[in-house]
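Enquirer: Required output: the full structure, derived from the provided sequences and hints.
Chains as they are written, first to last, in our numbering: chain B, 1 to 219; chain C, 1 to 276; chain X, 1 to 239.
Rather than coming from a laboratory, the hints here were simulated on the basis of the structure.
Heads up, none of these hints are tricks.
In silico DSSO-like cross-links for lysine-lysine, where the CA-CA straight-line distance does not exceed 27 Å:
(1) C:Lys195 to C:Lys163
(2) C:Lys83 to C:Lys110
(3) C:Lys83 to C:Lys34
(4) X:Lys152 to C:Lys193
(5) C:Lys37 to C:Lys83
(6) C:Lys110 to B:Lys99
(7) X:Lys152 to C:Lys195
(8) C:Lys37 to X:Lys152
(9) C:Lys52 to C:Lys195
(10) C:Lys52 to C:Lys163
(11) C:Lys34 to C:Lys195
(12) C:Lys52 to C:Lys193
Predicted model, so just to flag it, every value in this text is computed and none were measured.
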Amino acid sequence: MLFLRRTLPLIIAFVMGMIGILVYYSPHSGAQALEQEVTMWNRIVFAFALVLGIYSLMRLHWGRVQRQQAGWAYSFLVFVGFVVMLIFAIYNNGQGPLKPQVIDSGPFVWMFDYVQVPADATMFSILAFFIASAAYRTFRARTPEAAILLVSAIIVMIGRVPIGGLISDSVPAFSQWLMAVPNLAATRGILLGVSLAAIATSLRIIFGIERSYLGGGEE
Amino acid sequence: MKEFLLNIDRRIIFIFVALGIIIPALGSFNLPIKPTKNVRSIYDTIEEVAAKNGTILISFDYGPGSFPEVQPMALAVLRHCFKRNVKVVGMCLWPDAVGLAQQAFDTTSKELGAEYGSNYVFLGFKTGFHSLVINMGRDFHGTFPQDLHGNNTTELPVTQNIKGLADFDYVICLAAGNSPDDIWIPYGQERYKFKFGLGCTAVMAPDQFPYLQSGQMNGMMGGLAGAAEYETLVQVPGTATEGMRPQSVVHLIIIAFIILGNVMYFLYGRQKGGVQ
Amino acid sequence: MSRDQIIFIIFLFIFATINIFLFGSGSLSADWTGFGTFIAAGITLSLYSFLYKDNPLFKFAENLYVGVAAAYTLTQVWYTVLLADVVNPLSALDSESLSNLWLIVPIFLGLFMLTQLASAKFSWLSRIAFAFVVGLGSGLTIPRTIAAKLLKQVETTMQPIPFDLFGLDLLIILVGVVTVLVYFFYSVEHRVASKIGIWFLMISFGASFGYTIMARLSLLIGRVGFLLEDWLVLPLPLF
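Expert: Take a look at the structure:
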């Protein structure tokens with residue numbers, strides 16, 4: 001049983017990892033067909049993973065409703081939104097769930113356009129107020145490094161909008177230079193570091209050193 | 001007064017931000033928008049594609065959370081393509097981009113008389129991110145045997161000759177996440193060497209400059225300003241161009257608050273151990 | 001009655017009055033589009049009420065949205081992946097499409113993943129599915145990260161430097177990349193290089209912060225535009 005629970009997943013991760021690496025370097029048609037097949041499988045498993053994620057979210061809220069925890073009525077609302085939307089999705093403008101999706105009209109599209117889009121867009125836009133307030137409170141030139149950060153932010157904020165060009169043509173030009181030279185250098189340095197770390201982590205997974213994806217519990 | 005300026009209530013700042021957006025949005029003063037090299041590069045590439053009657057792929061990889069920033073780019077690029085008879089294939093790596101992409105196709109195709117199937121095709125969403133791009137690389141029809149409406153991609157005029165990603169004359173990713181640098185470039189552009197352009201949120205834009213210099217990406221529209229520049233190039237001012245007025249005014253307001261905060265900090269805050 | 005309750009009632013009263021006027025004057029059409037705009041405006045303003053303080057209106061809109069968005073994602077997964085790529089090919093199986101039988105493998109892997117939801121007796125099966133996804137993902141990542149991120153980026157950094165302004169930019173980029181890497185990687189103390197690396201990072205972080213402010217404001221501008229033009233239908237520009 002230990003073999004099935006621990007060793008087999010490690011073998012599968014190793015084999016799939018090696019396939020992932022080797023087929024990249026092999027121009028052989030068999031290798032390419034193998035790459036196509038396993039990545040197609042991966043796409044379908046991803047779909048199940050999304051279903052799992054949504055089920056977990058719903059189970060969390062259902063638990064709150066069942067236990068009548070503080071704010072359970074809001075969790076019930078999650079269900080209301082979910083069930084109503086799902087009914088419209090299954091209805092599919094009268095075509096049912098086994099025909100291609102109707103995406104240009106109908107109640108499902110209405111819910112997306114007038115509930116999901118405004119809610120999601122507004123939620124993110126609220127941050128504008130808090131980021132403006134945070135800029136006033138925390139942007140202080142306390143040290144030379146903080147001063148550089150501050151000046152860089154201000155130049156970019158002026159240079160990237162039309163008002164910068166009204167002040168002088170060199171404002172947007174300097175802002176663009178700041179992005180395309182010093183900013184590029186720093187982001188590339190970070191990118192190289194992150195890439196090396198990603199490769200190291202991937203190797204650790206393939207060789208079974210990193211096992212956190214197996215979760216806890218009985219080995 | 002000193003205490004007030006040292007610790008302005010955040011709700012006062014909120015009111016300034018709100019007014020800084022509402023008042024300019026009500027007015028009509030014009031600010032000159034000058035397209036930058038990175039935005040013009042996307043425009044020029046689509047012109048080149050138009051000259052050879054080519055096909056481009058647009059990947060809609062954003063959601064309603066970034067809709068006001070990225071959707072104007074989608075509209076402007078689609079207007080450009082339909083005006084110049086460039087064939088467009090649309091797809092989504094994000095599930096909630098499907099409705100937004102459909103809106104963009106509906107609006108622009110009605111405006112410019114583009115026909116489904118012969119001018120554009122919409123494939124919808126598929127899971128898999130990098131696996132999807134790898135699959136599309138070699139076998140486009142196998143990966144998307146049908147479009148969103150159930151038509152066979154081997155039969156639609158726009159997609160029937162597309163065998164893989166290399167057959168697209170240009171790939172544009174409209175993104176609000178990691179899809180350009182973590183998906184399209186390493187899993188697609190790196191192997192199939194297609195020309196790749198990006199329209200992204202302003203948050204993402206600074207991280208994309210290394211790929212611009214390396215040539216892995218040939219152009220970028222960053223944030224609402226990038227969208228406004230593209231609208232200027234296609235000469236159809238939209239919400240992005242309109243948005244540049246409030247955007248400019250609020251930037252000045254926030255900069256004024258930052259300067260005020262620093263002046264107060266240097267005059268009084270340091271003795272008190274900083275502003276709360 | 002508390003102050004917050006009074007504010008809540010005044011807010012609802014104003015919102016209702018405005019909408020009655022908008023529908024009455026024909027600014028909002030009495031159809032699904034007009035009703036949708038009214039709902040969208042209500043959701044938008046409910047969420048903005050958070051700026052005053054956390055309140056039931058905000059929570060109402062937020063939780064409703066979570067449910068709707070989850071169902072939207074599930075719908076896309078069903079129609080374009082599970083239905084189009086799994087159910088339809090298997091239900092139309094014939095002698096020419098026998099290769100589609102391979103679909104059983106990812107279906108089982110997917111079902112294994114769902115055993116996470118079942119009892120502990122079976123949930124170990126999900127490890128097999130996770131091992132497949134994580135192992136394959138790792139393998140696919142390594143060669144492509146080396147090619148597209150490491151080699152390509154290093155190659156572009158180390159190009160010949162001409163004696164002109166463009167060359168100066170290339171030199172600054174080279175110095176920046178090296179000093180940032182020195183700052184991140186080397187445990188050996190190298191004060192000057194690290195210091196220069198920090199300056200580059202500060203410029204980049206400042207630029208990122210400026211761009212982030214810009215992004216959030218753009219989203220706000222979009223919502224304000226919706227309220228002014230689509231909901232209130234103001235004849236813009238007013239001045």
